[in-house]
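Colleague: Produce the complete structure using the sequences and hints provided.
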Amino acid sequence: MSSEIDSKQFQAVVEEDIAEAPSGGASAATAVSTTGPGDWALAVFSQVMLGFWAILVIFPFLWMIMTSFKTNREIQRDPFGLPAALQWENFSRAWNAASIGSYALNTVIVLAMAVTGTILLSAMAAYVLSRFEFPGNRFIYLLFTAGLMFPVFLGLVPLRFLMTDLNLYNTYHGLALVYIAYSLPFTIFFMSGFFKTLPGEVAEAAIVDGASQFQTFFQIMLP
1 MSSEIDSKQF QAVVEEDIAE APSGGASAAT AVSTTGPGDW ALAVFSQVML GFWAILVIFP
61 FLWMIMTSFK TNREIQRDPF GLPAALQWEN FSRAWNAASI GSYALNTVIV LAMAVTGTIL
121 LSAMAAYVLS RFEFPGNRFI YLLFTAGLMF PVFLGLVPLR FLMTDLNLYN TYHGLALVYI
181 AYSLPFTIFF MSGFFKTLPG EVAEAAIVDG ASQFQTFFQI MLP
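Just so we're aligned: the sequence shown equals residues 1 to 223 in this note's numbering.
Since the hints were derived computationally from the structure, they do not count as laboratory data.
Do not rely on the hints blindly, as some may be mistaken.
To be verified - DEER-style ranges, computed between Cβ atoms:
(1) 103 - 160: 12 to 22 Å
(2) 154 - 60: 26 to 36 Å
(3) 44 - 79: 32 to 42 Å
(4) 212 - 158: 36 to 46 Å
(5) 69 - 142: 45 to 55 Å
(6) 56 - 78: 15 to 25 Å
(7) 65 - 169: 27 to 37 Å
(8) 210 - 169: 44 to 54 Å
Cβ atoms here follow ideal geometry from the backbone N, Cα and C, with glycine treated the same way.
Modeller: Have a look at this one:
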């Protein structure tokens, strides 16, 4: 008797699912049909503008690569034409005669110093500002983020005199400090939002297990 009841209940459930299927399909068809000509026009316009923007961005790089294989006469005579023959010696001449190798090494050194300093300082500042409450917390955070609105070119002249007076002009660490200073506002703003999304229970569990704030930050929160 119970098996007959179970089979009837199962059949009733199947019939209900079948009955609901057309309504779902109809609603999906209705949702698709609500797309009007304006939406299609906006989609086409967006794709065209994105394609145009991609051309503006990619074309200079392609032209630079193509020009690097030309002679000086070919560049002056036909800037946008294809090279008659690939001039591979241009790269060796640029690396040796134009000191591209030393410039590339300088870039790597300054980049390593700037990236390391920016990540370390901004992560520590963002962690404290986003995870701890103390007087002036909000003011300090707004003071950092206000740097996003500061025009960089207004500080070039005073920065030049400041770096000269501190004997930091034309040095690796001087340039790295400038990059770090200009990068801190955005990185602190970005990483503060990241640390706010992390569950506080993780840090609390680490503290309960005997980890210090230093260990909690570098071994748990930052990774």
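Colleague: Range first: 26 to 36 Å. Now tell me if the beta carbons of residue 154 and residue 60 are that far apart.
Modeller: 28 Å Cβ-Cβ, so the 26 to 36 Å window holds.
Colleague: Is 32 to 42 Å respected by the C-beta to C-beta distance linking residue 44 and residue 79?
Modeller: Given range 32 to 42 Å: holds, Cβ gap about 33 Å.
Colleague: Between residue 65 and residue 169, does the C-beta distance stay in 27 to 37 Å?
Modeller: 35 Å, holds
Colleague: Taking 45 to 55 Å as the stated bounds, is the beta-carbon spacing between residue 69 and residue 142 within them?
Modeller: 52 Å Cβ-Cβ, so the 45 to 55 Å window holds.
Colleague: Would you say the C-beta atoms of residue 212 and residue 158 sit inside 36 to 46 Å of each other?
Modeller: 40 Å, holds
Colleague: Verify the CB-CB distance for residue 210 and residue 169 against the hinted window 44 to 54 Å.
Modeller: At 48 Å between Cβs, range holds.
Colleague: Verify the CB-CB distance for residue 103 and residue 160 against the hinted window 12 to 22 Å.
Modeller: 21 Å, holds
Colleague: Within 15 to 25 Å or not, the Cβ separation of residue 56 and residue 78?
Modeller: For residue 78 against residue 56, whose Cβ atoms are near 22 Å apart, the range 15 to 25 Å holds.
No hint from the list above goes unmet by this structure.
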